Structure formats: C-alpha cells, structure tokens
Amino acid sequence: MSSVALGLGPGRSLPGPLAGAVRFLRSLASRPVGLVGFVGVVFFVLLAFVGPLLVPLQETSDVTAVYLTPSTAHPLGTDFRGRDVLNQIVWGGRDILAVAFLAATFSTIIAVALGAVAASIGGRVDTIIVGISDVFLTVPHLIVLIVVAAILRPTGFIALAVVLAGLQWSGLLRPVRAQVLSLREREYVEAARSLDLGLFHIIFREMLPNMRSYIVIHFILAMTGAIYAVTGIVFLGLVPISGQSWAIMLYFAQAQGAIFFRDSFWYILSPILAIALFQLSLVSLVSALEDIFNPRLRNG
Amino acid sequence: MNVLSVRDLSIDYLTSHGPVHAVRDVSFDIAAGETVAIIGESGSGKTTVAISLVRLSPRSARITNGEILYTNAGTTIDVRSLDEEELRRYRWNDCAMVFQAALSAFNPVITIWEQFLDTGRAHGMRDRHTVRERAGELLDLVHLDPRRVLASYPHELSGGMRQRVLIAMSLLLQPQVIILDEPTTALDILTQRSIIDLLRTLREKLGFAMIFISHDLSIAAELADRMITMYAGTVVERAPVRDLFYRPRHPYSVGLLRAVPRVSGALGAVSSIPGQPPDLRRLRPGCTYQPRCPFAVNECGDREPDLVPVDTPAHDARCIRWEAVAKSVGDTSVDTGTAVGG
Amino acid sequence: MTTTPADTKLAAQQFPFGGSARRARRMLGQTWGHPVARALIKALVTIYVATSITFLLIRLLPGSPVEIKIDELTKDGAMSYAEAAALASTLFSIDLSAPIHEQYISFLAATARGDLGHSFLSQGTTVSSIILAVLPWTLFSVGVGSLLSFSAGIFLGLLAAYRRNSVLDHVLSTGGSIISSVPNYLLALLIVLILGVQLRWVPMTQMRGSVTPGIQPGLSLAFIGDVFFHAALPISVYFLTTIGHWILSMKSATIGALDEDYVTVARARGLGESRIRTAYVGRNAVLPLVTQFAIHMGFIVGGAVLIEQIFVYQGVGLRLLTAVGQRDYPVMQGILLMTTIAVVVANLIADLLYSRLDPRIGRAGGATG
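Residue numbers (the numbering used here), protein chains in the order written: chain G, 1 to 300; chain E, 1 to 342; chain R, 1 to 369.
FYI, nobody ran anything at the bench for these hints, they're computed from the structure.
One or more of the hints may lead you astray.
What the hints assert, rightly or not - Computed cross-link-like contacts, DMTMM-like style, restricted to lysine to aspartate or glutamate with a CA-CA straight-line distance of at most 20 Å:
no., chain 1, residue 1, chain 2, residue 2
1, R, K42, G, D126
2, E, K205, E, E133
3, E, K205, E, D225
4, R, K42, G, D134
5, E, K205, E, E34
6, E, K327, E, D243
Said to hold, decoys possible - According to the in silico footprint, chain R covers these stretches of chain E (three or more CB under 8 Å from chain R):
no., stretch
7, 7-16
8, 88-96
Said to hold, decoys possible - So these bits of chain E aren't anywhere near chain R, every CB distance computed over 10 Å:
no., residue
9, F28
10, D216
11, P278
12, R281
13, V308
14, I320
15, E323
These figures come from a predicted structure and were not determined experimentally.
Beta carbons are placed, not taken as given, at the ideal position from N, Cα and C, and that holds for glycine.
Chain G with its partners taken away, still in its complex shape (with noise of 0.2 Å):
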C-alpha cells in the first residue's frame, strides 16, 4: 500500500473538489435550518467585502438630517450626523469579518497544532498541555482581553486577532484532542506507524486530512466567538480598529445618546441585526454540518 493511498484513509476516494461541493450543497439542501445558514453566510460575506466595492462611502455629515427615520432615500434611517445607515452597515462589516477570520484562523491552527501534539506524545507533555489549556479556559476572556487592550493597545486588525487568538485556542483544544485520540486508533494511522512515518507524517498526511469536517465545524464556532469578542470590546470604545464597523455603529449610538431617543429606533436595530443574524447564520450552517458530517449525534 503506498502512503498516498493511506493518506485518504479507509473508503474515501478523492472526488473533484466541485463534485465535492455539489454533494455539500445537497446534503444542505435537505436541511432548512442548514441552508438558511449557509445563504445567510454568503449574503454577509457578499455585503461586507463586494457590498463596498459597488457603494460608496458616504461621509458628509448632514445636520439637518439627523435620526432620519426610514425613508426611500435612507432606508434604514440616518445617525447623529445624518449619514445613511445603510451606507455604513455595508461598510461596516468588513473589518469585523476579517478579525474574526483571522482569530479563528490562528486559534484553529494553534488548538490543532498543541491537541494533535498531546494526544501524539501523551504523558507528560499532554499532561501540561491540557493543563495550560484548562487556565486558559478559567480566566474570564473578554476581562483579559480588555485588561491586555488597554495595556498593548493593539490598532491593527492583525495584533487584535494575534490577541484574540492567544486566548480562544483553549476552547477548542479539548475537543481536537479527543479527536486526535480516536484517530490513533484507526487502522491507517496505525499502518502508518508501524512503517515508521514520523509523527510529523503521522498528524500531517494521516490525521489532518480525516478531520477536515472536524476543523471546519469548530473554525466557524471560533468565529462567532471572536465576533463576539470583537464587537464588543469594539463596542465599549476600546480598540478603534478603523472607522467603519458595526460595532462602532453601537459604540456611537451608546456614547451619544442615541439609544435613548425614541427615532433613532432603526439606527440602532440595524448593527444589532447585522451582528445578531451573521451569528445566527453560523450558529445554523455549524449545526446542519454536524448533522451532515455526523448523523448519529442527533438521530441518537
């Protein structure tokens, strides 16, 4: 048997990757809460980063137009300084969805990296592992993160994710362990290791591309906890990450007083919308794909 062939495990053959698309779709098809997820997914990822190409900014303010209330011409309203609340809820998504990217990209790859090494070594080095894992997970997050932004005052959406990160990868690193546990024990990780691959082999070539639904599930979850983490330090003012974003939309909102007064009713509703139905949709597209890629866990 050569490595490529164990590298796809035990009846999986390797469909084109839009084959493989088409037969995701339908699975999702199938399932309405699923599809509602995924569409709902798409549509913010399209608004956040094509939505700007095709509107421009608008950033005049217009004081006689202040807390417009829904019109033709705004159709969500206006802010304080009578500027389109619609032209900034297309705006505003962009950063917020990139930090979230990359904060779950970097938790994944760490959690990934720190429970495949666990699970592989084990003993003393697992020990240590799961334990700085379970501090992680004890210290209140969002605390943290406040105490580490006022004293690093990280700008740049890189710093904020690189911070975000370095707290979430311990909410994942339990799960991935357990899964690199239960692969070790499938007969082609263990082929593997009787021809001697390496452990680099071993997690890499064997163990990787069998979690692949695995990882994509628990990426999608670190998202929409770094979007939560994310809007709401962004909301309480404390790391400006530019000038658009739906959270800062609140944070202006709450500062200036515009919660409170009764005609800015849909200038406020709408971030809240945007951030509440974009973790909606995850939270939908997370749990059709753990019916998809797990049957069991739900029928049970």
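Got chain G; can you put chains E and R on it based on the hints?
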C-alpha cells in the same frame, strides 16, 4: 397449566423504508415451572418476542396481531390489553426480565441497595426492612455478600457479579415467569458456567418458569425442557429438548446444531450456515429458509409451509421436506459432543 | 492524561527509595487520585498561573504600566526618576529596585496576602477595598442569572426530550438555539431599545446602579426588593442568553440517557415514570452539564463587563471600564485577578459537586472484584 401463552403474535418495526415484519405468527405456551429456550441467529426475532412479553419494545415496534395471555391464580389476562399502570404492576411482579446487557442494567449513580428498594417500593413493599431482608436472602442465594454488594455502586462490581445481582433482583417479587435474554453472552466462559448452574439451582428451589433466549444451543440445551427455533421472525421448529437435539426436523435447526462448536473437535468443525437471512421488508412467497437450504426443492418456493407435527405430537416443524431431513440426519447423527441436560 | 493510582504504584515500585519515601509517594499518589484534592490543586495552579500572567502583563512587557506611570510622573520635571520609581513602587506594591525574580516573588506574596496595591486615582484606597465593594454585585447578578437559567434549562430540556417532536419541543429547541446564538450584549441593547425606549415598559433610568441611593441596607423586604429591582435587567440577560444552551444540552443528554439500558431495565422492573424520570434519566443526564456550567461561568463573568456597562449596573465590570478609562492599572490588574479567582472557585464548587453526584468519580479506585 400454562402461565404464559403466546398466540399468533406478529410485530412490525416501522422504518422510513416501510414496515419490517420482525415477528410473524409466533405461538407457544409455557407451563408453570417449565423452561423454554428460544434459539436462532441474531435478527431471527427472538429478542423482539421476548421484549414484547413485558411490552418494552422500542417505539418503532407495533404489535400487529396476536395475544399474550398470562394466567395467575386461575385468572387469565391479555398483556396487550393492559393500561400503563396495570402494565407497570405486571412487570417484574409477574414477569421479570433479565437483560442481555447486565453490565449496563443498573443506574450508575445510585447504590445497588437503592435499586433494590426502588424495585420493592414500586410494587408495594412499603417496609425497608422487608426489602432488606428479602434482598439479603436472594443475594445469599446467588452467592454474593449482601452487605458489601448492597452498599456498592454498579461500577464497583464485576460483570459476573452484576449479572447475579440482576438475577437476584428479578426474584425479589417472586414472579411466575422470568425471561432471560442471552444472560451469559457478555461474560467469560467460567462465569457463564456458574450462572447456568446458578439458574438451574434457583429454578429447583423456587419453581419459576423460564424463557431462555440464546443463540448458543449448548447453553440453551442445558437448561431447557423444550426448545423453539426461530428463523426470519417465525417459529420453524418446536420440540422437547432431546427431540430437537437428536432428531431435528427443520434444516435450519440442523444448521444451527452443526454450528455448535464441539468440545472435542478441531476448530474446523464449527460450521456456520452459509447465506444471509431474508430481507424482512420484502418477503417472497414460499419458505423463508429456501435460499440457504440444502434440502430445498421447487415446491418450497410455492407457499410458506405450515407448522406441522412431525414424529410425535409434541414436535412441530415448518418444513415440507422434514422427512428428507429425517432421513439425512437419522437419529443421533448430529453429534454435538455436548451433554443434553434438563 | 491524568495519573491513576496504578501509575503511582508502578512508579513507587520502580523507585524504591526506602520505606518513608515510598510511603510519601503513595500518599502523594492517593492525594492526586482523590478528586477533591485534584480539584483543589488544579484551582491553586490556575490562580498561580493567572497571577503570573498578570505580573508579566504589568511588569515585563514593553511599555508596561509601571514604566508608563514613571514616565508620566517624571515628564513635567515634577519628580526625579528615583522619586517617581519609589511612588510607582508603593502604588503597585512592587519594589522596583529589586531584581526581577525577587519582584515576582514579592508580588506573589503580596497577592497571597490579599494586597493588590493602591488605586492611582483615589490615593490611599486599596485595590482590594475597591474590588470588594463591587464584586459582590457582579457575583450576585451573575450567580442568580446562571443558576436560574441552569435549573430552568434542565427542566425544559428534559421536557423537550420527553416530548420529542412535539410543538413544545420545536419551540424550545428552535427558540433555544436562536437565543443562545445572539451575543448577550446585543440582547441587553435590544431590551433597552425596545422595552425601555420604544415601549417604555421598563423604567431604565430608575433601575441603574446596584441599589437606590440612600436606601438602608439590611435584611428588610424593601432592601432585598430594591436589590432585585436593580439587578433584574442583568439577571434577565444572563438568564436568557444561557438558557438556550442548557435546554439544548439537557435535551440531547436526556435523549442519550433514555436510550440507556438501565432505563429500559428500570421500566422492566415496574418503576413509576416519575422515579425513572428523576433518579434514572434526569440525574444521569445532568451530570455532564455540571462540568459545562463551570466553563460557562468564566464566559458569563467576562460578558458582565458589557452587560453592566449597558445597564449601568455597578459591578466589577463597570468598575473595570472606569479603571481602563482612568488608566488605573492596579485596579485593572486586581479585577483581572479577582474575577479569575471567582471563576476558579466556581469551577471548584462544580468539581466538588460533580464528584458528589457521580460515584464513579467520587470513589476513585473503589473496590472491585
């Protein structure tokens, strides 16, 4: 006198691909104090029948036809017609069931004593001391130290001990019938032995009737007075244990007997029956065993044979070729190498 | 992987250092094998690590608060570097002239004594006293909210599992997953926006603070009522944003437990449904949730910062934000430490509770045979 009488019992499992006819027209009687073994491969419907006797079938199961008649002190009731509360009182008090999965039969978070107490209280044993005394006697009977075992949590007992505790508990309310569903399958060979011996002694002392479900003929034969062979959800042969063992008249029973490992024989002597049981969703007309049967002739495919008396009135087989089978196996040609008890 | 008693025994056999050493080793092994001891050690290690990280943050990182403070004090020439360093030392409770490892040790010792330094802003006020004034309010509101949501969640989850695929199940499951995926501070904003401002059902401004100013503290009905009146909004948010998780977890745990053999056997034993539901299904299903509860505590305490800011509830979260605004580093550091300890203690309680509830844990290395 029969304590339990099953009449034309049929059970379907409802699946997304249509009903599975797991049990079809099963009838048998059990007299007081008698032991009947039901044997067959997995999927033959034997466990489905057993569980339906205490009405604990999974939600997807439907009893589509038949009666389960239970007689106690001259009164006969149909277990199918009992309501929830009557059913609750019937279970364990009249008919106890010792499950295959004795290892996980106990609630892991409460002590064995509490589980005895729960059982007693559910059936009106108000006084703790009565339950304690009776549990102590029964645990003594199954050769366990009551004080230690009652204070233990299930995980603190070995598999064999847990199976004995369950057997002891099944006797708590002196039921007339005890159903044992593969009670020794999960245990090692020595523990199996001691459980079988234990059951035989207990039956002699207490005189309950037993329904013994097994795929292992040699174990079943040691305890049973009569045996029932099930295949594809229906009874294919029923006979006193010696008749079935030495004079099987259904080709499937012959196959099962051949599959019994001989104590003296080499490994090669174990023969399992080639082929697969039929798809119980789409049964073809004719004998269900025909595709696997070495005795099959064309007529076997016409209609499903009836259960007809062969040799003696107490011996029935569902096979039109039983005479050919008889000629082929003769009288004692199926040498299992195992002593037949009972 | 944790050390089992068997491992320890093996180790003792491999290293026969004479009777006393072996006995000590065995004792250590038994202590580690004991779940309560293990939970305690875990808690202490976590607090130690959290303290060290705090030290690292304020002392070792470039641009650390200590240096910023010294810069501030020396900038306008009002103080010499030595004077400024001395003042900073008292403020942070750190002797800056000592070598770094001694600073670390004295920092640990001070923390162990409960000495968290002094606030920059209100001179002479200890950080401990500041935190002690606000922490109870946070622990109260978070604790009440979480416990209510946990109890209600397991009840509803059990119900949903028993009535699987009923309308009630669909409402609870769908509602639960929607409400648990909405970030808690957005829910708080929605409450302010809709109930407080648009509908004016809730008197937002009167509910601010942890108590009405001037009310006489005590065990009077009026005071307790006032405490709950002010905490009502934070408690509702903690309750609503976590209940979905408990409903869904309990539902799936219950469905799992219903499939267990011991439940079928309990039915065969003729036990009543209510006994089966509580002692057989419920008790086993709730076990894994107890450990999840501990992990949730850290998350909720963290989230309290946002919630307290929105409702202007004077807990530790709001105080942290004030400290951040004032760059009052000792207070920030103290809050970080104290909230961590609070969560560690909550974890510890959950661990102890778990070992009480699950005999398989509580009696490690129990009798078998």
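Hints and how they fare:
A hinted pair counts as satisfied when its Cα atoms are at most 20 Å apart, and K42 of chain R with D126 of chain G qualifies at roughly 15 Å. Proximity of K205 of chain E to E133 of chain E is assessed by CA-CA distance (about 18 Å); at most 20 Å being required, the pair is judged to hold. About 17 Å separates the Cα atoms of K205 of chain E and D225 of chain E, which keeps this hinted pair within 20 Å; it holds. For the hint linking K42 of chain R to D134 of chain G, the alpha-carbon distance of about 9 Å falls within 20 Å, and the restraint holds.
Taking the CA atoms of K205 of chain E and E34 of chain E, the gap is about 13 Å. The hint holds against a cut of 20 Å. At roughly 15 Å between alpha-carbon atoms, K327 of chain E and D243 of chain E fall within 20 Å of each other, so this suggested pair holds. With a threshold of 8 Å between beta carbons, the proposed coverage of the stretch 7-16 of chain E by chain R is violated, since 0 of its residues qualify and at least three are required. Given as covered by chain R, the stretch 88-96 of chain E passes the check, having 7 residues with a CB less than 8 Å from a CB of that chain where 3 are the minimum.
At the 10 Å boundary, the C-beta of F28 of chain E stays outside the reach of chain R, the nearest C-beta of that chain being 21 Å off. With 10 Å as the threshold on Cβ separation, the claim that D216 of chain E sits away from chain R holds: the shortest Cβ distance comes to roughly 21 Å. Residue-level check passed: P278 of chain E sits 28 Å from the nearest beta carbon of chain R, beyond 10 Å. Listed as a non-interface residue, R281 of chain E keeps its Cβ farther than 10 Å from every Cβ of chain R; the least gap is roughly 24 Å.
For V308 of chain E, the condition that its CB be more than 10 Å from all CB atoms of chain R holds, with the nearest at approximately 35 Å. With a cut of 10 Å on Cβ distances, I320 of chain E stays outside the contact zone with chain R, its closest approach being about 39 Å. Distance check on E323 of chain E: its Cβ is at least 43 Å (rounded) from any Cβ of chain R, clearing the 10 Å threshold; non-interface status holds.
The structure fails hint 7 only (numbered hints given earlier).
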